[in-house]
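In the order they appear, the protein sequences are chains A and B.
Heads up, the first sequence is in the working numbering, so the first residue is 83 and it goes up one at a time.
Heads up, the second sequence is in the working numbering, so the first residue is -6 and it goes up one at a time.
Quick caveat, the hints were computed from the structure, so don't treat them as lab data.
As the structure is a computational prediction, the values presented were derived from the model and not from experiment.
From the three backbone atoms N, C-alpha and C, an ideal C-beta is built for every residue, glycine too.
Careful: at least some of the hints might be erroneous.
Said to hold, decoys possible - Simulated coverage check for chain A against chain B, where a stretch passes if three residues somewhere in it have a Cβ under 8 Å from a Cβ of chain B:
| # | region |
| --- | --- |
| 1 | 491 to 497 |
| 2 | 543 to 551 |
Unchecked claim - A few chain A residues that don't get close to chain B, going by computed Cβ distances all over 12 Å:
| # | residue |
| --- | --- |
| 3 | Lys124 |
| 4 | Ala195 |
| 5 | Gly601 |
| 6 | Thr607 |
| 7 | Pro616 |
| 8 | Tyr630 |
Unchecked claim - Sample of chain B residues at the chain A side, in silico, Cβ under 7 Å:
| # | residue |
| --- | --- |
| 9 | Ala13 |
| 10 | Pro15 |
| 11 | Met16 |
| 12 | Val27 |
| 13 | Met38 |
| 14 | Cys39 |
| 15 | Pro55 |
| 16 | Phe56 |
| 17 | Ala57 |
| 18 | Val58 |
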Amino acid sequence: MPQQPDVRVIESDVLVVGGGMAGCFAAIKAREAGATVTLADKGTCGKAGQTPFAGGMLVFNEAWGDDLEAWLRQIEVYSDHLNRRDWTELCFRESFARFEDLCAWGVEFERDAAGQVVRGGVPLGPCKAVHMGVVKPPLKLRRQTERSGARIVDRTMVTGLLKDDDGAVCGAVGFPLDDEDAVVVFRAGAVVLAAGAGGLKVPGWPIGDLTHDGDAMAYRAGATITGKEFVDPHAGRGDWDAPSAFGRFGKGGDDGKPRFGPVVDAAGEEMPRTGTLFLDLEFAAHAGRAPFTMKLPEGDVPVVGGAASGMGVHKAEGVWPAGHDCSTQVPGLYAAGDALGAMQSGATYAAIGQSIANCAVTGARAGAAAAARAGEVRGGVASGRPAPGVPPAELDRALAELLTPARRRGGFGPRWATQVLQNTMLPYFVMFVKRGDRLQAALTTVEFLRDSVVPKLFARDRHELRLAHETRNMVLNSEMRLRASLFREESRGCHYREDFPRRDDDGWLAWVLLRERDGRMALGTEPVPDAWRPDPSVPYEERYPFRYPGE
Amino acid sequence: MAIEIIDAELCSGCGACVEACPMDVIRMGDGGDVAVIRYEADCMMCELCVIDCPEDAITVTPFAVSPPVRSWG
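Only chain A is shown next, with the shape it has when bound in the complex (with noise of 0.2 Å):
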């Protein structure tokens, strides 16, 4: 490895990182302002992330007698009364229009003998979603991407943002996978982080190519993180490790269809629903009530719980908005989809179909507003005038950060630095049925993690670079989630301590922030604005249809 990379340059007004639905919205809603856009992915535009796997999208249309409060209710409701009903309302007011851009663009949904689209929900309430099938669409949104000018750079890694003198963004440094001598700075007026969400890896859920990238660089920069104390419940397969919760994917397999059947325990018993709260394989466990069967068409198979631990609830957790135009404390910067906190959905995911509508939307936002903003830094898109300046300083921060592992001669491997993770992260008692003291033990492996391992790991080709900074990427993430969840000192949607089981209106009608001050992480809340807040006169009970062990 040579000591001194081949650095290419590529400057447009705006650089999304990420091509998946959010990114692939924002890219195009960008040239469509008339800015000149770079899209880049580690993997595949259109292949990557969970766009492949998500089939259902929330659309709202008041023409098809859609009642927005009774809409709004079944989110404030299921989400326990932590989302933003902001950016809930803006979600379903948008859905439409983004869901005809889909149409669009060749993006075919599900419909009735008639021609009219079919839609589905849930039996908690009016929410309602159509159906795109799996695997096809999000390359329909790759071939818009192309058509709008956006140029796509797959297979490439971005690892950093770059600030300049003024502490704006004024870029990012990345790296190809398959040139193991280059590197990738690229120069923008405007960054939007549509890098998805992430977990840990885990076997059962098809995201072990999400590792937080996009929150973990936003971070860095300095902008403010929420919503880590809650996490993502889907059950996995018991007697495979492979993706499971949707069927399996695999060529004359099946219609890709979600498809759930009654759970039993051991003795045979339906174990009780809870709405949208999927913990109750992990209560189960705790009580030594498992193994569990879930009765699918082909037969009995066995379930396991925690399929997608190290993720959190959809549109629940990321960058917090600094407006509702995607910005980030940071100037420059704008967040996406799954990137973006915006809490569209709350302390639990109360609505089949959001995460595909809030990407769109979201993107669609963050794409228009990062054009404006690099319209400004440059005089005016298509200016002509070059992008803003890195620092030098700044760009040898960035690439000595990014080059690290491969310049190291030995060191820890990244796989086994995943996997000691995985061992302290993934046991169900330590992120789904939490307690102070398992939670802090948890803290402690992961801060020496953090201190002791992460500098010193170790990258023998780019494949392993990649790895490298994933690895990096995914303990700050495991950080911020024991810290929020130890900070958070009640029960509330998919965040459940053993050793607070209620909901705390007066304590924690509150979301989460999260920021670096002085090297460290720096944890507070910001309330629940009073209109959005529960009737406190209406009985806990009622409030909170749902119950948790020992409240």
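Following the hints, put chain B in place on chain A, whose structure we already have.
Frame of chain A; chain B shown alone:
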């Protein structure tokens, strides 16, 4: 275990599986004419390569092989 086989007899070397793999498990072989399993340990068994392979040359099973945890590695 995970991705097991890319059948070199069937593989046409089109590279669709390299593009499809979100985990960078598959690369083109040194000769550039067939795809090879390069980083098997990182397979997440999503089967996107199986779906995209026009020759049905790829076999994926839903089981990972995890090495035992060592004191360092």
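- Hint by hint, which ones does the structure fall short of? 3, 12, 18
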